[in-house]
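Trainee: What follows is each chain in one-letter form.
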Amino acid sequence: MNFKYIVRMPFSSIGRKILMASSGLLLALFMLVHLGENLLILKGESAYNGWVDLLLSNPLIPAMEVGLLVLFLLHIFFGLWVRFEDWKNSRKRNYEVNKSQGGRTIGSATMLYTAFALLLYLVYHMIHFRFADHSMGFYQMVTEAFRDKFFVSIYVLGALALALHLSHGFQSAFQTLGIQHEKYTPVIKATGWIVSALMILFAFISIYFFAGFDAKLQYEQEKVLETVIE
Amino acid sequence: MEKKTFGITLRVWKQEQGEQTGHFEIYKIDGLTGDISFLEMLDILNEKLLKEGREPIAVESDCREGICGCCGLVINGDVHGPDEHSTVCQLHMRRFKDKDVITIEPFRAAPFPPIKDLVIDRSAMDSIIKAGGYISVNTGSAPDANSIPIEKAQAEKAMDFAACIGCGACVAACPNSAAMLFTGAKIAQLSLLPQGNPERNIRVLNMVKAMDSLGFGNCSNEYECEAVCPKEIRISAIAKMNREFIKANFASEQ
Ligand code: HEM
Ligand code: SF4
Ligand code: FES
Chain A
0 MNFKYIVRMP
10 FSSIGRKILM
20 ASSGLLLALF
30 MLVHLGENLL
40 ILKGESAYNG
50 WVDLLLSNPL
60 IPAMEVGLLV
70 LFLLHIFFGL
80 WVRFEDWKNS
90 RKRNYEVNKS
100 QGGRTIGSAT
110 MLYTAFALLL
120 YLVYHMIHFR
130 FADHSMGFYQ
140 MVTEAFRDKF
150 FVSIYVLGAL
160 ALALHLSHGF
170 QSAFQTLGIQ
180 HEKYTPVIKA
190 TGWIVSALMI
200 LFAFISIYFF
210 AGFDAKLQYE
220 QEKVLETVIE
Chain B
0 MEKKTFGITL
10 RVWKQEQGEQ
20 TGHFEIYKID
30 GLTGDISFLE
40 MLDILNEKLL
50 KEGREPIAVE
60 SDCREGICGC
70 CGLVINGDVH
80 GPDEHSTVCQ
90 LHMRRFKDKD
100 VITIEPFRAA
110 PFPPIKDLVI
120 DRSAMDSIIK
130 AGGYISVNTG
140 SAPDANSIPI
150 EKAQAEKAMD
160 FAACIGCGAC
170 VAACPNSAAM
180 LFTGAKIAQL
190 SLLPQGNPER
200 NIRVLNMVKA
210 MDSLGFGNCS
220 NEYECEAVCP
230 KEIRISAIAK
240 MNREFIKANF
250 ASEQ
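Top to bottom, those sequences are chains A and B.
Residues in the first sequence are numbered from 0 upward in steps of one, following numbering that gives the first Met the number 0.
Residues in the second sequence are numbered from 0 upward in steps of one, following numbering that gives the first Met the number 0.
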């Protein structure tokens, strides 16, 4: 039996990056789906809770949650390993005149900072939503949390960090996987920008409830209803 | 007609052999013209220093025509100087003006230990090539022309990757000291040619292993290497290497 191909993945520079890139892209896909779900909350209590109930009635959900956890752990573990190695191998003394040669972007230069911001954000998110008391219903839990200034700040920062992380990470992952071609790379880069921009909608949702747009909307609707009845 | 001359101030990294660190030394030099090269300017300075009984600056160069790859320096923070996709030996003083202060540093990367002043030890790159950057199967005597047909476009692509001169600028520019562009160029070149085919799987695995064990970093796709490479090797070389790695790891006997 030949197991060398398995051992090579975590123990080679390219193998580690392939694990990171594939887990990162799957996480990005999850984030897009999750964003779609979250946008339902703007449609109101019954739409959102209806979806959550339907979702949780799927018997495969616990298994999928474990899968998601594994993706996160793989990505975080190999991301930090890669960066630890890079830190170890980086130049011992920096250049006196230190400047970018033109390849770096804000996204690429801040990968490690956005990574730690995302890690904190994820832990916060899990404590307050995943392992919280769900008895009042998901809609109530989420919208009430978003009335809090601190909570919303965390969400806005988290969404911005995610957008920045993916502004580099999305196209970077394709390059890592060897998917690089003058025909497709511009399309991949453009898609990356769109995906990053979409992540800002996570922040929009929390601000929407913080600013009380839902209440205003309800008020308007009631007024329209009243005039119709009159 | 008398040519207009100008003077500059240099801040040059000085480091004694065997020392862990060094310092910046300030030199003033006058009487320069725009049509001498940067290395000639350093020659003039070194001669002047010798005449004054001071120690000249240790700096490496050989071909002075942009093909040997040993003249790498970081000038005012630019790897290989301010000209894009060029070597230091191709840089001319017309790029600078009177009273400029120019900071000159050696390439810095963990796998490139300093030797003296601006000279570094780049032999780790040779070790990567030794791990498989060649063809070792016996290919017999020179075949007749056109007996191994290679499509023109394919041959051109291989040549583009073969243009790498092993200067190490990609490593010096990389925040992770990665040698992916250099290694990728060699792997891409050989994998595009029929002569490289028999050993392509073992080659990529061995060269990547050597690269890792010599202390070169991982690739974060910062693309700084592509921006400085004097031979305009593109990051498609790295993508190609990664594809070769995936193929060799999952789809070969290795
Ligand atoms: C919501 C979640 C996240 C998504 C969608 C995501 C996605 C990605 C993607 C696509 C990449 C590019 C991979 C490549 O360059 O080949 C990446 C890189 C990276 N990620 Fe994440 N990530 C997420 C969360 C995290 C977290 C929580 C951490 C760590 C604490 C992290 C650490 C890193 C690091 C360090 C890199 C750069 C590695 C390198 O190229 O040197 N990420 N991420
Ligand atoms: S890839 Fe370019 S920068 Fe790197 S060693 Fe070769 S010629 Fe120099
Ligand atoms: S001296 Fe040979 S490349 Fe510059």
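FYI, nobody ran anything at the bench for these hints, they're computed from the structure.
Some hints could be false.
To be verified - Listed below are several chain B residues computed to face chain A (Cβ distance under 7 Å; list not exhaustive):
| # | residue |
| --- | --- |
| 1 | S60 |
| 2 | R63 |
| 3 | C67 |
| 4 | N75 |
| 5 | K96 |
| 6 | V100 |
| 7 | T102 |
| 8 | A108 |
| 9 | A109 |
| 10 | S176 |
| 11 | D211 |
| 12 | S212 |
| 13 | G214 |
| 14 | E221 |
| 15 | Y222 |
Source: prediction; values computed, not measured.
The C-beta atom is built at its ideal place from N, Cα and C for all residues, glycine as well.
Trainee: If a hint holds in the structure, say so; if it does not, say that too.
Mentor: Checked hints:
1. S60: Check failed: Cβ of B/S60 comes no nearer than 20 Å to chain A, outside 7 Å.
2. R63: Violated - the Cβ of B/R63 stays beyond 7 Å from chain A, reaching only about 23 Å at its closest.
3. C67: violated, 22 Å
4. N75: holds, 5 Å
5. K96: Since the shortest Cβ distance to chain A is 17 Å, the answer is violated.
6. V100: violated, 10 Å
7. T102: holds, 5 Å
8. A108: holds, 5 Å
9. A109: holds, 5 Å
10. S176: Result: holds, 5 Å to nearest chain A Cβ.
11. D211: Holds. Min distance 5 Å.
12. S212: violated, 10 Å
13. G214: holds, 5 Å
14. E221: Holds - the Cβ of B/E221 comes within 7 Å of chain A, reaching about 5 Å at its closest.
15. Y222: holds, 3 Å
Comparing the model with each earlier hint shows violations of hints 1, 2, 3, 5, 6, 12; every other hint is respected.
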